[in-house]
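2 protein chains.
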Amino acid sequence: MDIQNIGFVGLGLMGGSLSIALKELNKSYHFIGLDHNEVHAQKALELGLVDEVVHNIDSLCHCDVIFLSVPVDGIISIAQQIKPLKETCTVIDLGSAKAKISNSIPSTIRSHFVTAHPLTGTEKFGPTAAISNLYKDRVVVLCDIEKSGKHQQKVAKTLFQNIGMKLVYMDAQEHDRHAAFISHMPHALSFSLANSVMKQEARNSIVALAGGGFKDMSRIAKSSPKMWEDIFRQNKSNVLEAINAFQSELKKCQKMVENEEWDKLNTWMTQANKLHDIL
Amino acid sequence: MDIQNIGFVGLGLMGGSLSIALKELNKSYHFIGLDHNEVHAQKALELGLVDEVVHNIDSLCHCDVIFLSVPVDGIISIAQQIKPLKETCTVIDLGSAKAKISNSIPSTIRSHFVTAHPLTGTEKFGPTAAISNLYKDRVVVLCDIEKSGKHQQKVAKTLFQNIGMKLVYMDAQEHDRHAAFISHMPHALSFSLANSVMKQEARNSIVALAGGGFKDMSRIAKSSPKMWEDIFRQNKSNVLEAINAFQSELKKCQKMVENEEWDKLNTWMTQANKLHDIL
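Chain order of the listed sequences is A and B.
The first sequence begins at 33 in the numbering used here and counts up by one.
The second sequence begins at 33 in the numbering used here and counts up by one.
Any given hint might turn out to be false.
Note: identical chains are not told apart, hence a pair may lie in one copy or across any two.
Quick list of in silico lysine to aspartate or glutamate cross-link-like pairs, DMTMM-like style, CA-CA up to 20 angstroms [said to hold, decoys possible]:
1) LYS247 - ASP169
2) LYS296 - ASP105
3) LYS247 - GLU155
4) LYS115 - ASP96
5) LYS247 - ASP309
6) LYS186 - GLU206
In case anyone wonders, no lab produced these hints; they're calculated from the structure.
Since we're looking at a predicted model, the values are computed, not measured.
Excised from the complex, chain A in its bound form (with noise of 0.2 angstroms):
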């Protein structure tokens, strides 16, 4: 497994702390890097992050490893327009939605692609967000490998080994689901927490009743509305029925109030507790 060129096309949060890990990794990487925004590009050169800045995908062609770490919509895009690959050339995207991107890439370059989704991020985003143990002791989700080339799949395995994550394979459909549930509609909540709360609340009762609890669930409202606007395009059927299972959950817990049947709540709080027994 002979790596030297590796290429990042997206050097924000995922790519600029990913190519930190890397480096720690093997200082002989030598890092490519492409963003369409210039300044965050510049950035990242700056910071070190990368080795060199290019301008188009085609400048990446002679990499042994291409990050794709750019919202969904960009990573289905990019599949689009690679050219012909060198036969060891390993494409992995970090996209959080995986059907559509394993679906759409052209088959003449499929086998070059391990669609990939690690579990881990932070609110912040650009490439000074990027920190050197972003993906430490996390998972990453492998989705649909038989349809990567064994070469790639061995390069994609063996690179999120050696930064310390742990891999997970799931087919992209039921990745989806499982992700609709646990991470994209918690995000759609903490966004609308975050918004009816401050069409409530003065800034200044915020700051003083904000305990821990408001605060973590407040958090995840920081993100990227790029990035999320994106995900929840192409995970859209799936976070529908996820914000229709909570909803109809809260829909519960309100009747409860409202008819005071305090017995029926705390069975359902009691119940809501057993989430301990398995995180």
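Take the given structure of chain A and dock chain B to it, following the hints.
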């Protein structure tokens, strides 16, 4: 301000952590505990959270300070049982909903009471959950403080400040409305989230896919059903109003995803990002 004996009604997370903080402040305080749960009372004695355990509220009447750290219902019931207190006795309740407490204390002892809401906690409960720095650097809201005696005001302010808390003053009604939006409704969301996800998702998917966002949003779903049943009861109308306000934002989000109004959704999420400027 001469304080020797401090009583605690309720020896769980809040009372236990308070006794640890006060003991660190002054080793000469003598702590007397009361808890209707005998196992908790014995455990608190074992852990050194109290120096002595008593079995009825009358046995606390000689105390200089009595903390009531039980659910709101319990506080209201205890306020009815308290016998005439010595002039310098200060009773401080730590309930999370304040208007019903503030209004139900018999007028003969109202000036002895300081109704406080310390904005802190963890999802854990019971005396074994007590930790030393639960109160440090957190806010405590003192409600309807003008109804407390001058001496009692001074005792409460001094003790809370000495354990590192920041004081905020509010009318009890106003407090309850703010708390519904910033603390109580978010708990209803977290319980609903946990229940909707556990219904749809298998344990292993939750473990595999739960990132920081889900963990943060579901953490408070592990909170005590007894305590939260009580808060929802005591602050019912405000909680229902806050749930309504949240539902209307979530519905907005749902409609925008359904109708693929991505620009509008982006603007709405950008609005939510503004929380970043506040917290």
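Hint check:
no.: 1; hint: LYS247 - ASP169; verdict: between (24 angstroms within a copy, 15 angstroms between copies)
no.: 2; hint: LYS296 - ASP105; verdict: between (45 angstroms within a copy, 18 angstroms between copies)
no.: 3; hint: LYS247 - GLU155; verdict: both (12 angstroms within a copy, 14 angstroms between copies)
no.: 4; hint: LYS115 - ASP96; verdict: within (14 angstroms within a copy, 81 angstroms between copies)
no.: 5; hint: LYS247 - ASP309; verdict: between (23 angstroms within a copy, 13 angstroms between copies)
no.: 6; hint: LYS186 - GLU206; verdict: neither (23 angstroms within a copy, 60 angstroms between copies)
Hint violations for this structure: number 6 only, all remaining hints satisfied.
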